[in-house]
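Peer 1: Kindly produce the complete structure, drawing on both the sequences and the hints.
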Amino acid sequence: MKVKTRLPHLLMGVGILYFLVPLLWVLVAATKSQPDLLDSPALWFAEFNLFENIGLLFREDDGAYGKWLVNTALYSGLSALGATALAAAAGYGLARFRFPGKRLFETALLGMIMVPATALVLPTYLILSEVELVDTMWAVILPSLLSPFGAYLIRVYVDESVPVELIDSARIDRAGELRIFWQIAVPMMRPAIVTVFLFTLVATWNNYFLPLVMLSDADLYPLTVGLTTWFNTAQQEAGTRMLFNLVVTGSLLAIVPLIVAFVLLQRFWRSGATAGALK
Amino acid sequence: MTRSTPIAAPEADHPPAAAPVESRARQRSRRVTAHPVAGALFVLPFFLVVVAFLVVPLGYAFWLSLSSKSLALGTRFSGLDNYVRAFTDPLLLDGLLRVVLFGLVQIPIMLGIALAGALVLDAVTTKFAVAFRLIAFMPYAVPAVVGALMWGFLYSRTFGPFADLPTLVGGDPIDFFSVSLLLVSLGNIVTWAWTGYNMIILYSALQGVPREMYEAAVIDGATPVQIALRVKVPAIKQAISLAAIFTVIGTMQFFTEPQIMARFAPQISAGYTPNLYAYNQAFAYSDFHYSAALSFALGFLVFVVAYAFVFVNNRRRGKRA
Amino acid sequence: MLGTTWLAKLRGGLAACGLLAVAACGGAGGDDGGPVTVSVWAWYPEFKGVVEAFNASHPDIKVEWTNAGTGADHYAKLKTAITAGKGAPDVAMVEFQQIPTFIILDALADMGEHGANEDKGLYADWAWEQATDGEKVYAIPVDGGPMALMYRKDLFDQHGIGVPTTWAEYAEAAVKIKAIDPAAHIASFGSDGGWLNGLMWQSGCRPYGYSHTTAKDQVKINLTAPECERVVDLVGDLVDKGLMAKDPFFTADATAALDSGKYWTWAAAGWTPGYLAGSLKNTAGKWAVAPMPQWTAGADEQGDWGGSTFTVTKQAKNPKAATTVARELFGKSDAAWQIGLDKAFLYPLVKDVAADPAFTGKAYDFFNGQKVNEIFVPVSEKLGDFQFTPFQDFVYGELNDRSAEAMSGSRPWGTVLEETQKNVVAYAEQQGFKVSK
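Chains as they are written, first to last, in this note's numbering: chain A, 1 to 279; chain B, 1001 to 1321; chain C, 2001 to 2437.
Worth flagging that the hints you see were computed from the coordinates, not collected in a lab.
Take these hints with a grain of salt, some might be off.
Claimed, not checked - Now the stretches of chain A that chain B is said to cover, found in silico as 3 or more residues with beta-carbon under 8 Å:
(1) 53 to 66
(2) 123 to 136
(3) 252 to 262
In this text, a Cβ means the ideal position worked out from N, Cα and C, and glycines have one as well.
Peer 2: Printed below as a string of structure tokens:
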């Protein structure tokens, strides 16, 4: 048996190297000062400068990075909560009720997943600008509430793992529909809900195009847009502000929270998703 | 890839999605309790968001695409002219061809690695395998913007360790940003970012394959590789094709990586990918009408390709059943 | 730690812009008799101090500055806001080559209506020409980029290579440099439309013509004139022979190459001393500036690469106050120019500032004490008329894409301008212009 797994282990070793090296590079590069970043060997440490970099990072542009971090957390947290709540209710409604137009809506749901996002951003900008919401946090959060895939996922999951009989017997006990949803269905849907929450959280956290178009006030930027701005500055005005070390350190701090969240929560959401597939 | 883009569709294909066909069949035979008003109320908030941020923008975009704005002449109604222009626009067609080419090479490689990894994870349960699973998945948590910046640094001669490797044996340094290597460099970024994600999806599907399905094969003395190819892969065909569809959709919308990479490699032209072209038409050339038409045409193509894929897939399965 | 204005903005967004009260939110400042607020989008380095200096000297106006991105990002947002009819700032930074683009988008207010014509004599003539159209003042010049040749004086001296005064000598020097150090190049082809444009300008090529006032639907495109072609022939030949590198400008790779002796020259602009001094450490003190090589020995043809202006948008709520801001943020402000020259390294287009001995006589350590502005100032004075198209992004995009093809070997350099000309004309006609050559 040991001999047979040698090749798979070798392949996995190569894989680990491939997936890890870029992340290691960021980790190493974030500890370097601007001159060392340009001069020292790419994958090895020079003078340890991480804390100076972090200090600089949070001081640059009057603490812009801190704002961007808070904005990102705020936008992705609110969007994920909202999108998950909407998707959970809709998925449950579609799976356990019958009403006019339902089949049509379900068919359309699959189509909605396929609409290219970029096709929506531009008209959404023009519409939001009509109601004066452009360049506010809502311009990023409201469009992010849309998650047809989340609704679809939850619909399938409810169908598989929330028994009709349980709901019926609750109805016989004269429980209200909202209470049935909240007290019986939601606890059973929890794995699917966590999955949808994490997906929408990551989608908004990593979002670039929507905030790029919607926001012009740097105070409202999320990390992705802010870091790109700094990168441009670093390239085009290198003479006055070499910011590469800050871009690198900022990138590191932008990915650490999500990686930690995923490593911690991976088992949970994965088991949920798997359960949904195979009941 | 625009998978992490705006309208939060976490375009994942996910095991639950792997089950819809049989579940729909089961559902039909089951009695669904009819409470039309309550049911509609549960769906209503979601429906409103769909109307506000999908139906109305799409309708608006379509309306925009029906008129033309030229710099000198102003705006006028032009019917389907923009679409005629789009499908005869060499820049769009170039970009389309580039993306198709990219997909034909990159998607099989990525899904192949993902599938192989998933099969290994399913068969090997050492701590090392668990570590591999966690690490392979990490790039998913890295924003596409940061991923592209990171690789941009890694590719560069100044920051990165790779470009100068050939000089160790007396060769010329590699220029990852040269026109001939750009597509490969971009393909590597996408592969790095999404392989682990797809692997986890396929692994989850594999975990759900009932052990009884291949116990017989084990008793018959089949090797793990034979079991993997003859039993496990067919068992998760549905999940594989869904992963493929969503990857195709993502590839057709290829945007963020080339947009960021253009800052390292100005050779990435305005029409490098169709989505980038639509973006530039709107935001660099101020032609929102043509841009809307481009986006619409692209969306339509994606839609047709994806549905054709589903259709062919279903038919093939139907025949076998 | 975090600025209170930012928190207030977020809180304001949360409270006033509640989902149900959509119409109630987004309002700007009130009419309480305080100073008029003027919003400005710009990406100048060290601009904060300039804004503070303005606000301190103008109690009736309060400038609110936003950095909406550098270059393309900034323009993308500006154009989107213009299309939407809302959301544009009162005053926007616009580079010279972009002015006609924003004029034809009907985005710019005529500052001539608010007395801006008074400033005519204040600025370098060529800049004022580009910023205005007859009596209409669309932009107020700020900084420019008169071109000159930066070169590694130490290396040129050490190997006895004369500083090239003509482009023919430049090409000969390129060969010598390669012979001395096979890893070195005379310069890099930067894949930068503005740079190539500057070289063509310096060659006497005038490829574009456009006036919104006289004929808004007519444009002249002539990229295939001999004066234009010879520029591309020269650099293309150097690239093909491996004498000129292919690194895009302003990337870390190009910067590192400049700092490690990989490039011996850079035909750059009046803002370059600041750029170089800030980013090159190893080669500081080893560079010098010489006038641009000429196409004809003894001639004095000059070109410009880059430069920017302030414009007032048609969305400005108070165009008069906005005009004041555009004219006086830099303009005659000593405080602003002190920051602009010493920290942001702008090349001033205000004649008096450029002629001031404090500027012309300034010795640069980076250039081993050379007073480089003595070279740049006459260049700027020599610059004549040069016009841009109202779709310059497209032209530069074409130039870059066709040059990229030539660099990868899929197109002969000799067809780059021909193909660009063809595509630009097709685009112009598609956009409804009558095109002449």
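Peer 1: Compare the structure with the hints numbered earlier in the document and write down the numbers of the violated ones, lowest to highest.
Peer 2: 1
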